Amino acid sequence: MKRIFIFLAFILSTHVLYGQTFGSIEGTVIDSLTRQPLPGATINVNYGNLSLVADKEGKFTFNYARKGVVLVVRFVGYKPYRVSIENVEKIKLNVVLSEISSDLEEIIITSKSQMNAVKRPILGVNSLSIKTLNKIPSALGEVDILRGLQMLPGVTSVGEAANGVNIRGGATDQNLILLDDAPIFNPTHMFGLFSAFPSEAVSSFDLYKGNVPARFGGRAAAVLDVSLSQPSLDKFKMQGGVSIVSNRIKMDIPIIKDRLGVMISGRGAFNDFLLPIVSKKLDNIRAKFGDGASKIFYRVNNKNTLTLSSYYSKDFFQTEVLGTINDINSVNTQYDYQTINHTLNWFYAISPNLNLQTKVISSHYSPVTILPELNSDNKVRIKSGVKYTQFKSNINYSKNKHKVEAGLDAINYRINPGELIPGSNTNLKEIKTQLENAMEFAAYIEDEVDFSPKFTLSGGLRYSYFVNLGPATTRLYKPGVPRDEISLLDTLTYGKNKVINTYGGLEPRLGLRYEFSPGKSVKMGYNLMRQYLQVITNTTTPLPTSRWKTSDKYIKPQISSLYTIGYFQDMKESIYEFSVETYLRWTKNIVDYKPGADFLLQQYPESQLLQGLNKSYGLELMVSKKKGEMTGWVNYTFSRSFNKVSEGPEVAQQVNLGNWYLANYDRPHSFNATMVLNQGKHHDFSFNFTYSTGRPYTLPEGFILYQDRSYPFYAERNNARIPDYHRLDFAWNIYNPSMKKKRWTGNWTFTVYNLYGRKNAYSVFLKTDGTAIKANKLTVFGAPIVSLSYNFKFL
Amino acid sequence: MKQNILLILLSIVIWTAACVEPFDIKLTSKKIILVVDGTLSDQDEPQVITLKKTQPNTGYISYLAEREAKVVVIENGTVRYNCVEEGLGRYVLPAGFKPKVNSDYTLSIVLKDGTEYLSGSEKMKPVPEIDSLYSEVVIGDIPYRSSKINGNRVYLNTQDFKETGDNYLWNWKLYERQTYCASCLEGLYYNTPLPAGRCVGSSGLLGTGIIYDYFCPGDCWEIYYQDYINVMSDTYSNGNKITGRLIAEIPLYQTSGALLEVKQQSVTPTSFRYLKLLAEQSQNTGSLADTPPAALVGNIKNIKDPYESVGGYFMVSSSRTAYFWINRNNVPGNTTGLFGGRSANPEPPTPPFRPPAAPCIKSKTRTPDKPKGWVDPQV
Chain A
8 MKRIFIFLAF ILSTHVLYGQ TFGSIEGTVI DSLTRQPLPG ATINVNYGNL
58 SLVADKEGKF TFNYARKGVV LVVRFVGYKP YRVSIENVEK IKLNVVLSEI
108 SSDLEEIIIT SKSQMNAVKR PILGVNSLSI KTLNKIPSAL GEVDILRGLQ
158 MLPGVTSVGE AANGVNIRGG ATDQNLILLD DAPIFNPTHM FGLFSAFPSE
208 AVSSFDLYKG NVPARFGGRA AAVLDVSLSQ PSLDKFKMQG GVSIVSNRIK
258 MDIPIIKDRL GVMISGRGAF NDFLLPIVSK KLDNIRAKFG DGASKIFYRV
308 NNKNTLTLSS YYSKDFFQTE VLGTINDINS VNTQYDYQTI NHTLNWFYAI
358 SPNLNLQTKV ISSHYSPVTI LPELNSDNKV RIKSGVKYTQ FKSNINYSKN
408 KHKVEAGLDA INYRINPGEL IPGSNTNLKE IKTQLENAME FAAYIEDEVD
458 FSPKFTLSGG LRYSYFVNLG PATTRLYKPG VPRDEISLLD TLTYGKNKVI
508 NTYGGLEPRL GLRYEFSPGK SVKMGYNLMR QYLQVITNTT TPLPTSRWKT
558 SDKYIKPQIS SLYTIGYFQD MKESIYEFSV ETYLRWTKNI VDYKPGADFL
608 LQQYPESQLL QGLNKSYGLE LMVSKKKGEM TGWVNYTFSR SFNKVSEGPE
658 VAQQVNLGNW YLANYDRPHS FNATMVLNQG KHHDFSFNFT YSTGRPYTLP
708 EGFILYQDRS YPFYAERNNA RIPDYHRLDF AWNIYNPSMK KKRWTGNWTF
758 TVYNLYGRKN AYSVFLKTDG TAIKANKLTV FGAPIVSLSY NFKFL
Chain B
570 MKQNILLILL SIVIWTAACV EPFDIKLTSK KIILVVDGTL SDQDEPQVIT
620 LKKTQPNTGY ISYLAEREAK VVVIENGTVR YNCVEEGLGR YVLPAGFKPK
670 VNSDYTLSIV LKDGTEYLSG SEKMKPVPEI DSLYSEVVIG DIPYRSSKIN
720 GNRVYLNTQD FKETGDNYLW NWKLYERQTY CASCLEGLYY NTPLPAGRCV
770 GSSGLLGTGI IYDYFCPGDC WEIYYQDYIN VMSDTYSNGN KITGRLIAEI
820 PLYQTSGALL EVKQQSVTPT SFRYLKLLAE QSQNTGSLAD TPPAALVGNI
870 KNIKDPYESV GGYFMVSSSR TAYFWINRNN VPGNTTGLFG GRSANPEPPT
920 PPFRPPAAPC IKSKTRTPDK PKGWVDPQV
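Order-wise, the sequence lines are chains A and B. Under our numbering, read the first sequence as residues 8 to 802, first letter to last. Under our numbering, read the second sequence as residues 570 to 948, first letter to last.
Everything labelled a hint here was simulated from the structure, so no lab data went into it. Note that the structure is a prediction, hence the values are computed from the model and not measured. Where hints are given, some of them may not hold.
What the hints assert, rightly or not - List of simulated lysine-lysine pairs, DSS-like, C-alpha gap at most 27 angstroms:
| hint | chain 1 | residue 1 | chain 2 | residue 2 |
| --- | --- | --- | --- | --- |
| 1 | B | 832 | A | 651 |
| 2 | A | 774 | B | 622 |
| 3 | A | 461 | A | 651 |
| 4 | A | 436 | B | 622 |
| 5 | B | 681 | A | 774 |
| 6 | A | 436 | B | 832 |
| 7 | A | 651 | B | 622 |
| 8 | A | 461 | A | 503 |
| 9 | B | 595 | A | 774 |
| 10 | A | 563 | A | 394 |
| 11 | A | 774 | B | 810 |
| 12 | B | 731 | A | 439 |
| 13 | B | 599 | A | 781 |
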């Protein structure tokens, strides 16, 4: 997906042709999805005899010779519209343009494209718009992109409190999550319960789970590209809402009409006082979060625009359900984490076919663990952080059968892995771990070629190069044996900006589409991606405070190769779409952990982790109904994900004795169904049903004794499964109940999440209870959750 | 904001949310595993190594004592101490044996079938004295039988040694004054045969669920034990004081005071990692982000088959003990008593013989011997 803001200047020329009969054509150019006008769209008449530009309302008008005329309507980023008109005296045209992707990308969700899957030159098409997301049921009335994604094939998670999603057998940190091009390192609020994206401010989101365009890199599995909405340049607008969880507001403020505008949005959740009402177990939980986003758009002139997007997110979370820091004495554990992102984008339209985009991006994620001490005002803090700075520039060229994009990219990572700040406690040591400093460079080129209406090829090549820089002290271990204090040979010291280690390589991206008969096509794709930054954590889902780590001398980049093939078919005039896709992914150098690994303030994490291989494969079937009173989709996915970790012959160099084992998120069968019953302008009903095989967990091989008490003794990893998951949700949306046309309109959404109150297991675990040991099941949403939210618009 | 709150309260109905409930699964061993439970300590107490084997597929957790094994503790690679089998898989080191600080110890086991096992070498590290123990009164937050009640939290301070890599293990015993020494369900107590006496079913009580409790004739103390693992390393506090370490959460069993005996032990870094993992996999589970359990690799290996799963760990540990009197004068609320929440119910007197007194029989959970540090009430 690309946000392209282009304003083309054309000279309106009129050709008066004498001696002919004339007709008149009036037209309006609009976006297929938003139904908003597209000012600046170009109308090319008879292959260049006449060129027009749609006005700010997307309208155009002209007279033509009635012997016949061919119109081609274009707008950058949209599929051209062609029409031939003959011998009509007067015609009103409604030109609906659909956005296109510039390559053979697999966009499984896009808020922008309504093109059918067969025609679209991308692999795997299931469309879901923000509008649809607003209609389908959500937990506690919070519109949630990450939960919406999980209704689609190939996207799963470890459960309802998962801090991220797993896409086609990938770990959560193998997804690149971007908000206006700036990476989001922690995509959720309240430890996985809600996604961190402010739904009011998001205009679109695309998930690339198959062919990832060459402009994206740095993660092994998928890319979720979320865009903030563009500010209105002509009218003040406001919208917002209240739900059980949060209060939201968004405003569009035009500052200079048609040139400068600002969008600001904010969301705050301070209703944690309600948690003890929900459950006594939540008595000690304190959870507050807020996020804000803004976007300033400035049209410098007809060729240049500047956009500055900013995002701020903050969470405070006090809980006993996430464990504590064993070696620091405190009365409880608090988590405080924030993200501050900025993206500056300069768009320069060099010519109608050529444009240049240059971006400067920064992202700063800074989690803190706070440990209040007994009988003291002092709070011990453990701080860490990721500072990400990126410069990227790309050029887009589109002519005839080619659509070319090429670019350069440079990223600087500065990571503070952890810092212990004792405050006034003089008994604790102030500990600082070594800062990480690394650069990632990339150059890429991609061309999408329409060889014929039936055959499209997209070929992309990315070269990425990664370098660790000093200052740093690294360790040298005896090769072939476990990395620990015993095998330590030497330490090496590197000065500031001295190269410690480098990695790099080509990342080919290839996609083909062949439409062998109308409405039927076959697509194939191959993708190679390299990942130089990962979360290192041995928990089932990363904590907000989990450590990010760049590749280094011992932690090699993860390299993923994905092969995909799919069949797509339109039925009944594109009302129905059917698709089947199958994939196979091999990922080298996935990260797993030694038993008892501890990364907190760990100076040399290589001694705690191991690397190995992941094998994932799957089959995804989907049928969707796009039009009519009832819309929705049904999909079934069969998918598997296995790991194998064996760095050497010793037990300490292996996980699961070096044998294949199930990934924590391996769920072989999943079935999702979403149905929206559109009941006119004022209300609709929707249902979600989801089913998936329970995820794996580990049952002990036996029990051992310590001081006469039994403890579980584990051997084979992930040898059992928690019960299957299924859930039905319901939503009733009531739009503008007053039925009056006013600037202020209010909508109500009534939602029941988990309608039949199934107590789905989030985890199954063994716990000692006195001298006994018992198996327990943890449920996150174990009952029907009813909520009512109110949303308003002032347009 | 008021409107918001009203709106929210009116608009939501939530019956329950996150919860933990029992999961129906049979916990049983799947194969035979040799389990070694052995910690040598420099305390004046018998030094015992226990050998058992798990019994597979019994439908419950069970062990079988491993008999006729040859168990030897080797000091500094040269001096061998042969253990004597005491029964029930218990192998006892010679009387008077005490491990010495900074000495290395290895455990050698030869089973009856000739299978040989050898532990890694463990060096006994010294341990500092406990500086102080102190408590705070806690209202409604002390765990007790799936609920939370009033009681005391006891904390510890100690001075860590200057050397890095000190690791601590704490254990406590709680002594509560016991007034009743026998209980009979739907029956009456008779103090014969000696020494413990017996309960005899009574037709008048059958089916009533009535439990009668019988007074002790003299002093008696109930002993409670810590049922979790409490370990800590000095990674973040090396050479400084360790303060405010939570040692015990003691419910308000009775209004009278109780004695807490706290043992502070040193453990080696490898033992610490083992115990920490043991605790993580059994005590700290049930969070939203558990660490998936991993193979618990101990320090005992089959000499010929290093891949054989051997359970347990051989540890040597220096220890120091301190006593803390829990004065409950300032703890408000109802007591739970010493019968799991049930109030004591003495048999109604029917003179001249009933009810008889029941002797305080010394066992792991009860003693007639006044514990060291016990504070008698002021008369």
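Unsatisfied constraints (hint numbers, rising):
Hints 1, 3, 4, 5, 7, 8, 11 not satisfied by this model.
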